[in-house]
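Novice: Sequence:
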Amino acid sequence: MPAPANVPPGSRHTRPDEVLRRLDLAVAHKLDGLLHGEYQGLVPGHGSEVGETRDYQAGDDVRRIDWNVTARFQSPYVRDTIADRELETWAVVDVGPSMDFGTAFCEKRDLAASAAAAVGFLTSRTGNRFGAVLAAPDGPVVLPARGGRSHLMSTLHRVVDAPRLEGGQVDLGLALDRLGASARRRGLVAVVSDLLTDPDQWGPALRRTAARHETIAIEVIDPRELELPDVGLLSVVDPATGRTREIPTASKKLRARYAAAATEQRTRIADTLRTAGVDHLVLRTDRDWLLDVVRFVVDRRARVHARRAGWSTR
Numbered sequence: 101m102p103a104p105a106n107v108p109p110g111s112r113h114t115r116p117d118e119v120l121r122r123l124d125l126a127v128a129h130k131l132d133g134l135l136h137g138e139y140q141g142l143v144p145g146h147g148s149e150v151g152e153t154r155d156y157q158a159g160d161d162v163r164r165i166d167w168n169v170t171a172r173f174q175s176p177y178v179r180d181t182i183a184d185r186e187l188e189t190w191a192v193v194d195v196g197p198s199m200d201f202g203t204a205f206c207e208k209r210d211l212a213a214s215a216a217a218a219v220g221f222l223t224s225r226t227g228n229r230f231g232a233v234l235a236a237p238d239g240p241v242v243l244p245a246r247g248g249r250s251h252l253m254s255t256l257h258r259v260v261d262a263p264r265l266e267g268g269q270v271d272l273g274l275a276l277d278r279l280g281a282s283a284r285r286r287g288l289v290a291v292v293s294d295l296l297t298d299p300d301q302w303g304p305a306l307r308r309t310a311a312r313h314e315t316i317a318i319e320v321i322d323p324r325e326l327e328l329p330d331v332g333l334l335s336v337v338d339p340a341t342g343r344t345r346e347i348p349t350a351s352k353k354l355r356a357r358y359a360a361a362a363t364e365q366r367t368r369i370a371d372t373l374r375t376a377g378v379d380h381l382v383l384r385t386d387r388d389w390l391l392d393v394v395r396f397v398v399d400r401r402a403r404v405h406a407r408r409a410g411w412s413t414r
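Residue numbers are given in this note's numbering: position 252 of the sequence shown equals residue 352, and the series is strictly consecutive.
In short, the hints are calculated from the structure, not lab data. Just to be clear, a hint being listed does not mean it is correct.
Cβ-Cβ distance ranges computed for the label pairs, FRET-style [to be verified]:
1) 351 / 244: 46 to 52 Å
2) 257 / 352: 44 to 50 Å
3) 374 / 176: 19 to 25 Å
4) 168 / 326: 29 to 35 Å
5) 402 / 265: 15 to 21 Å
6) 263 / 170: 17 to 23 Å
7) 351 / 257: 42 to 48 Å
8) 334 / 282: 39 to 45 Å
Model, not experiment: these values are computed from the prediction. Ideal Cβ positions, reconstructed from N, Cα and C, are used throughout, including at glycine.
Produce the complete structure using the sequences and hints provided.
Specialist: Printed below as a string of structure tokens:
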């Protein structure tokens, strides 16, 4: 399999400052320029400043219904908001042991750091603030949101250089609740994780986060988490518990059961994200992550613009 054009720089054997330098160049050359005009976050979104009212359209957030106008005209109306010029962005980054895995071109940890850096670099304009919550097995670490290039680089340095722990499981729900207590102002939240823990554990906290902030879930996947190759007897280690098992991958029946279980797991994750009302971006260790980010940004911008165009013709 040929390597993609943009492989995240590995953090295991590369100094954090060199990793950030490469990521900064990659984002500046490939992604910057996509986000011009009014926006909140990576793509156009809602703001906090009150705008004009308009007829309710299918798909509108019912929380934006203006009940006074609705009662006056006897038909549903929603009130638009003006996109914020000043943005507060938070990245919730999973740095648990399950992220120290990768069988393609990088580890999931490297991909997560790259995603967090892309969010930070793309939203680090004048007056904007960036903060992070590192979701680790020993508890979340909050890096407060502040403005300035030096703070951005310092925060991303902490993400890239987060310690690798031998065991334990991340409580993503706790990390999201800690974010809720720290992010006082409405803004953009990017949740970067493999989302392998039970969705019932983090789903409610994600819904609470999405109710207040524009939220993007960036799911990080390795292809071996979706299907097993036929490589004979394979020793696998659970990074959370350290338990080792011997897997007879030559069994076609076992590989089929594994693939079916993985599909069911990812479907449940996607359903939980959809129920929470968040946008879903999937990044894989065997694909060009920058290209996937570009496609996500362009697609979401197109959907927002198409909806706005539909409003203007009514």
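Novice: Going back to the hint list, which numbers does this structure go against?
Specialist: Hint check: 4, 5 and 6 fail, others pass.
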